[in-house]
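Q: My request is simple: use the sequences and hints to build the entire structure.
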Amino acid sequence: MSRHDIAVPNELAQPVKRPRDPRIDAFRGLALLMIFVDHSPHNPFEYLTVRNIGFSDAAEAFFIMSGVAAGLAYTGRFQARHDKGLWQAVAPMWKRSWTLYLVQILLTSLAIAIFAAGATWFGVDELLTKINLRQVFNNTAEALIGIPLLGHQLGYVNILPAYSVLLFCGPLMILLGLWRPMLLLGLSAALWLAAGIWRINLPNYPNPGGWFFNPVAWQFIFVVGLLTGIFLRRGERFVPKTPWLFWLATGWLAVVLAWRYVPGFGPFMNHQMAVLGKAGLPFNMVSHDKTFLALPRMTHALALAYVLSCLPWVTRLTGSKALSFLRLLGRQGLLVFAAGTVLALFNHVIMGYYAGADWLGWALMPLGALILIAVAWMGDIQKTAQRQTPARKAEVAAQPMPAE
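Per this note's numbering, residue 704 is the first one in the sequence shown, and the count goes up by one each step.
Hints are computed from structural coordinates only; laboratory data are not their basis. Every clue listed holds true.
Distance ranges between label pairs, derived from CB positions:
| hint | residue 1 | residue 2 | range |
| --- | --- | --- | --- |
| 1 | Ala-897 | Phe-968 | 29 to 37 Å |
| 2 | Trp-790 | Pro-966 | 53 to 61 Å |
| 3 | Gly-983 | Asp-1061 | 45 to 53 Å |
| 4 | Leu-1011 | Asp-1061 | 30 to 38 Å |
| 5 | Thr-945 | Trp-1062 | 47 to 55 Å |
| 6 | Ala-794 | Pro-966 | 53 to 61 Å |
| 7 | Gln-1091 | Val-965 | 51 to 59 Å |
| 8 | Tyr-1056 | Val-978 | 46 to 54 Å |
| 9 | Leu-805 | Leu-905 | 12 to 20 Å |
| 10 | Gly-967 | Ile-808 | 42 to 50 Å |
| 11 | Trp-1062 | Ala-897 | 43 to 51 Å |
| 12 | Ile-903 | Phe-825 | 38 to 46 Å |
Straight-line C-alpha distance at most 20 Å; calculated EDC-like pairs for lysine to aspartate or glutamate:
| hint | residue 1 | residue 2 |
| --- | --- | --- |
| 13 | Lys-944 | Asp-724 |
| 14 | Lys-1024 | Asp-1083 |
| 15 | Lys-1086 | Asp-724 |
Bear in mind that the values here come from a model prediction, so they are computed numbers and not experimental data. All C-beta atoms, glycine included, are put in the ideal place defined by N, C-alpha and C.
A: What follows is the structure in structure tokens.
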């Protein structure tokens, strides 16, 4: 047998590049648009976001899609670590986690400046007491300690800390997910349950309590997304398509919709949950708490994601030319999230100054969406240019020197 007859192990073989799944970018872009709308005050478009059809909102979708994207983006490096070492796989995730931290500090500084300017220049004094800013202006020294420690987080600027922590822990999740995916899922579910039983959370400072997006609880839907991405990378589904599971998920979505809107049904269901709580079930199983990702919220988000993933027309629709703007927004997720956060904060100042001008709600949202699309477009151009530059340098270097 010659050396050419020796089979190359799968984990060391060059992976075949697969076409990008349009659903990932499109739904992430849609979630970012919904976050922008939900964070902007007094606008009619907030009645069109996902929180109106159930218990979960765009935040759950953001964490699920972020997990999927992380599984697709980083798993290959861990599979090829035999050649390059484990650090080459870990470093990009930790670098991204650090980037998220820096963006969080920047957005927090901008939020303070925007609301302070609104109060100083436009006389909207109530801005100084909103979004957890009271500590910043009344207890400045301690608040300035808490901000870089991520212990003091402002409203509308508090998603990235949890995401940064999860990416920092991501290498361990991926290693375990590649080795024993169901073990990772089980440990993640146990950690979510423990967070509810013993109220485990990262501490705030100087305020009492814990993080609004508790990473100890929210890690579960991130892990589900991560495992989905790991399996998608090798052309498989983490949760298989089965008729019974599809109709179970669809039925749960219908129950939640009735829970929200059918008279009498919601109070009845809430009473049953209160009875179960008195019987000893952990509060994150019998409440609608967002910080600890209560079971009704979590299962609604996962059921919606599963149902959408099973419908072939969803893939066709998200891949259509008409929704290319959503895919563009999704490809530039961090940039769009940061820009959307800043625009939403400006909207608070504008709507506070022009109180009662209902037409502004109709005007600011489409204008903001157009700005976000433009920002994403410019970011896409820059990213494309950065990718082409090394290739161009390599092409020039490979050209033969002219004869003298």
